[in-house]
Amino acid sequence: MEHRPQSECSCTDMPLGETKEDEVRRIIELVGQSEISSIQSVVSGVIKVINDRGSSAKDLKDIIEIDPPLTAKVLKVANSAYYYSPARISEIQHAVIWIGFDALKEIVLSQKVWEVFGKDDFVSGYSRVSLWKHSVGVALLGKMIYRREFGERGENVYAAGLVHDIGIIVEHQFLQKRFEGILIRARREKKNLSQVESEVLGYTHTDLGRVLARHWNFPGEFVVGIGHHHSPMGIGEDFSRFASTLYVADCLCQERGIGYADSPYPDGSLFRKCLKRLDVKSYALDLIVKDVEQEMARMEDQGVFQYEAP
Amino acid sequence: MRHHEDKHMNEMKRKLLLLETQVKHLSNDLRLTREENENSTRRYFEIYSNMERKVEERTAELKDVQKELEEKNGELEIMLDSSPAMIFYKDTQQRYMRVNRKFAEGLGVSVDEIIGKTTAEAFGRKRAFRQEDDSAVLRGGQSILNRLEVISTPNGERNVLVDRIPHKDSDGKVRGIISFAVDVTEAKKMEEEKGKLEAQFQRSQRLEAVGTLAGGIAHNFNNLLMGIQGNAAVMLEDIEPSHPHHEILKVIEKLIQNGSRLTRQLLGCAREGLYEIKPISLNQLVRDTLDTFGSTKKDIRIRQELADDLLATEADQGQIEQLLLNLCVNASEAMPQGGSLFVTTMNVTHEDMADKPYKAKPGEYVLLSFRDTGVGMDSKTMEHIFEPFFTSRGFGKGTGLGLASVYGIVKAHGGYVDVYSEKGQGATFEIYMRAVEREVPKERAVQIELLEGNQTVLLVDDEAMVANVGNRMLKKLGYEVVMASSGKEALEFYEPKYENIDMVILDMIMPDMNGGEVYDKIKEINPDAKVLLSSGYSIDGQAADIIKRGCDGFIQKPFGLRELSGRIREVLERR
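Line order of the protein sequences matches chains A and B. The working numbering numbers the first residue of the first sequence as 56 and each following residue consecutively. The working numbering numbers the first residue of the second sequence as 30 and each following residue consecutively.
Calculated directly from the structure, the hints in this document are not laboratory data. This structure is a prediction, so every number in the text was calculated from the model and none was measured. Hints are supplied without guarantee of correctness; some may be wrong.
Stated by the list, open to error - The calculated BS3-like cross-link candidates involving lysine-lysine, where the alpha carbons are at most 25 Å apart (straight line), are: (1) 345(A) - 44(B); (2) 336(A) - 53(B); (3) 331(A) - 44(B); (4) 331(A) - 283(B); (5) 409(B) - 218(B).
Chain B with its partners taken away, still in its complex shape (with noise of 0.2 Å):
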């Protein structure tokens, strides 16, 4: 028993110590492995603090970089927004990598919006740089130049010019894509503007062409129909009203009238013909002509609007009558199925002209309106309308110097013409006319019989077949004719007779002096002399002048002998 106690107690003290060293390995162990493990963890912090450091390091050097590259990049930042163009870089994505600051101010964007995107992601259906030009940049490593292009951008449309240029690495590889585009709207407009200026002012040439033209066929014709008109007159005087041939006379008066308008016409066009300018009411004016052109045109409403206190205006009365039947005659011809013409005057300044394609000359004027409910235009033919012998009215329907000669009057009176029109929608003609602060003298009473007198005439024409005229339609009245056929032949007869030559009757054009410097010789001989001048042309306004400097009164060609003895009287009788 004893000895088996023994033995359980050894075991007992066997297994003690076995456990004993367990603990103590166990403990030693757990030990080590925490030291350890403290020592790993201390390393991999030594590691990760190294590490760390190289990145601090790394971090540092790369920013030095980083600062030198922004400052390049602040410098290229520099000279690509200070450059007038719009420059983009794309990548082969065209994706836009840079836009400069003209760029995003162009195409109202801001720059940051717009990195990364593409044209499409960026500007939607909006119309921006071409991108087909961009692939095929990418596409071929070509550069695309000096192509014209329209982009949208907060100032509309603008005409770009554009350059495209591929970028390539030191393998050719294309990388993207860098584009100049500059704004050419200004220079196109320019260019266009210019273009017009070079049209209008070949018009103007033409017209001018055509006005010497007109003058020199109007003077000759005018002396043509002065001659025929003179002839029937006397012939007219002469003969029973009952005669046959009384009936046909009449008609070559009319048919001489016919003729005389027309070379009005074209001296209108010519921006002749002012021979007497005078202060004029335009309202007195507009109302005769309607009222005359109203009965004639019974399908036409016509409605008139005029101010009552409009300003005078200086103008040819004949011309400004001319101008009027000219826009009565292109309204009614405009509503043939008859309409309404509202005619209205009142009075403008030139600052109410502010919106015209024209810079219209300080000061005051008469605006005339005249709108039809007629057929109207488009803006092509608008542009036409003022030409000479252009018509839309199909050939042979109207002259063609209708409006043109509106056009030339109005320009030789300084004015300005306006037209508004659409197809279909009528038109409006305004006339602005320069306002003069004077009275408009008293008209005198039109007379209807013929007055005669005694007095002695000396008639100066260097046309033997109008002298002839005249000789013959002064005698009709009673008068006293000496003739002479130039202007040295009239002052070698006036000089010594002056006293016996109770007035003068002065054609102004002859080949050795012109109307002018006889008028001044005559008015030197004689101050008090009175002459009438008679003209069927008018060079640069020379009758205007000389009725400016004192001349008693001027007569047109061809003119009648109602016409010629109411003149002749007018000057007589002036005092």
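Isolated chain A, as found in the complex (with noise of 0.2 Å):
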């Protein structure tokens, strides 16, 4: 029993007799035209820092520096009580000594990121900024498991946590009367968004993110990360932790009811097979979320998420 999306609902938003494919990729294009693509090039040049051993400050100083509403927001997060700064900032220099090199590249990330998550309104429990929180969330919590469990920085995960939901936000923009209706209708048939963007759609926020993510030459693992956050079964070796600890971030997110939630309806063996994979006890990740949701807090109350409206 399959549902035609197209006679759904009545969508002005795909022209007829355009297959999804040409959907996707018409998409794509206008998301290249639009303000969405704006983050491309530094949420790439920060991965980009990220992964090179050979990058320094200078790197992501000249990131920065590029570009001037970019570096307001930096040096007014890197001013805010939360960083508790003696003398006032007002260098990206400065905050990259005062900071810390790690922490900025978060910030940088998080700050640009925000730009097209920040425009809110409010949609049959979605929200962009409730999708925002549930980001920082996921980004924050893949990062600790990396951390904690791993042993490793977990940078790459935090990153592709900022932007595993690109898609929605995509969705949202160029789709959007389909997208209210796809809502509606989960909400309403208690399903989760992937299993009725499937539906209507015929293909996902995930389908949506891995193409941009591609298209945005954004490394292997985030594509297969954001494309599988939640299907993370299946993989080849390489990307099979990343994918599945962002899905388990992004089930532990949403269960602890951090931000926006895309599938209240979570598959608890796949969950459990997935830990089982990445070899991580759910008292170990119980800690862990415990930590992230006092780290959230304590960021929410130093105002590191009074992000200005873009």
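Combine both chains into one complex, guided by the hints.
Structure (structure tokens):
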């Protein structure tokens, strides 16, 4: 029993006779002309800095300073109570020294990505801000799992966590009517978002995210991680842990109510399978989630999430 | 129980696992954080060293620029330092920002100690460059040029000519002040010196004019006096002392003497009246004069300190007597309530006179010093005392010729005269006369009797009155007299009959030929001729010149019978 999305709603978003591949390609093109694409250079730049051992603070500084609004935002965060800087930081150079190279990368990423999540409009339990909070939660949690469980820095997971739901943003922006319909239907039929997406669109936000990540030349683990954050099985060894971690973090955030939940009906066995594959005990995750929740609360208190609407 | 224990064991196991996990988490976190810290530190140093390198690069660049600047500065420095002007640059706070070497030398400070200071800070109460003008330039933005200022320097007060120029930036805002100061002290001194010389020159010209005038007057005056004198003398010889006119004639003679003295003073001022230059003993003249003077001024104590070995000086004795008398009179006038007069003589050389304002000609001198304890005078008066007709004693009290004639006489003899005085402190006159290594001839005994004779005398004088008086006087003395009223006439008469003429009395100034020429012609005709020169006035020392050529004697008009008789006998008896 397959629903034809075209028949479900009288959408003008999609020209008649277009295949779903054509549609995705068209949407990606539209993204290229929209403000969403403005995050590409910064995000891929920071990812490059993260993964290139030879990169220096100067590279990061250059990425930031080429974007004056971003520079202002970064400095604002650097001067926020969270980092209790003794003197006013007025240069990225100083921010690098005071906040630290690693923390600054996260700030840059989150501030930049926020630019496309910041436009708030509330539709049927979804809002961009709630999605943003969810994204930050996934990013932090993923990073913490990497750090504490795997003893790795998890910077890529953090970056991927921030953008793993970029597909939802894209849908919302370019398939607005159908997306609203999907949200309403998911809610009414008590289904996960991706299930309704598949039924209506024939593809999901994870598909859009994957294509976009590839289009933007993000590293392979990003492409795979974003594309499989709801279906982490059957992935090659290389990216399996990355995608599974994203999946676990995504599930945990939804379970704990951190931000928007697109999958309120988790697959318990898949989750357990993933944990087993990652060799992470649930009580260990509990410890990590507790710390993430604390950290999120602290960040919220100290105004790190007080983004200005773009 | 068993179940309970299992449950307990499970609980323990769970806690243990939790602890293990926590330890794992913490140790992982710790390791990563340490790594991150290390990373951060590394990056920090990376940034730091980048910055340091940049600083080094900039420093190197700066050094290059600085070097270039220093070179330029050096050139400027050399230019500034080689300038003869004192140059300074002040900022708007009037602090010295830059001064050149000349400035530092001129004001006796080091460049380092003055930079950054204001004039007041650097020089305190010493007289330095006027700050008011600096302020005016900074305020008004206008140059102030050619200001004459006096500044204190290690070389005393100096006159400087100062230019002040505002330094403006491209917006026309005054940034500082540049000033050039040139020391004009020497130039000013030279200017003053020149002024002084000019004044001196004018004064000597004036004196010369007065002298010429006086000389001319003296000549006519002496001829007049001669006429009166001669007639009075003849009359006196003719009448008995009991005659009622005898006393009157004596008074006339006395007055003639006074008049004669006046003309002598005039001639002294005019630097004329040098007739008989011969070696004289200054000491003897001083003693004689002071004896006479002392006897008339009892309230003045005279102390003499005369060098025993005093050298002789060549001079006209009459004039020196006149000079001494003038100094005595001046001293007594300076001491109306009485006082002391110290008179000293000594031998000195030009080296002893090195500190004088004039440069004495090398040689030996005799110094005559007159020091009184009188009223003294201020420097203003001192400047004028040697001018004829200048008197500080009030109009009518002196002739105003005394010191002028002292000056004229000394100058005519090639000597020097100095005066030192202060108001209320007395005065000292120092007279330097050139010394000569010659014996002073023995003084002849002063004759008292009229010496008569019977020889034939040719009397040559163009002034009929003088000639007539001479004729009478000579006849009175017993001589045969032949008269000629001009040089030509005299020679015409003398040439054929010179064997019959025992002597000639020759007036020096005649319209056709002067005395000198006539004298020479007479000597040509008769080398053994005896000639007595007579004159009331001598132009350019002619008399002295003729005497040098061998003339037998000189008699100054107006003369009396006694003087004439004496001189005639001297000439006739000379062999």
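Verification of the hints:
{"no.": "1", "hint": "345(A) - 44(B)", "verdict": "holds, 17 Å"}
{"no.": "2", "hint": "336(A) - 53(B)", "verdict": "holds, 12 Å"}
{"no.": "3", "hint": "331(A) - 44(B)", "verdict": "holds, 20 Å"}
{"no.": "4", "hint": "331(A) - 283(B)", "verdict": "violated, 165 Å"}
{"no.": "5", "hint": "409(B) - 218(B)", "verdict": "holds, 20 Å"}
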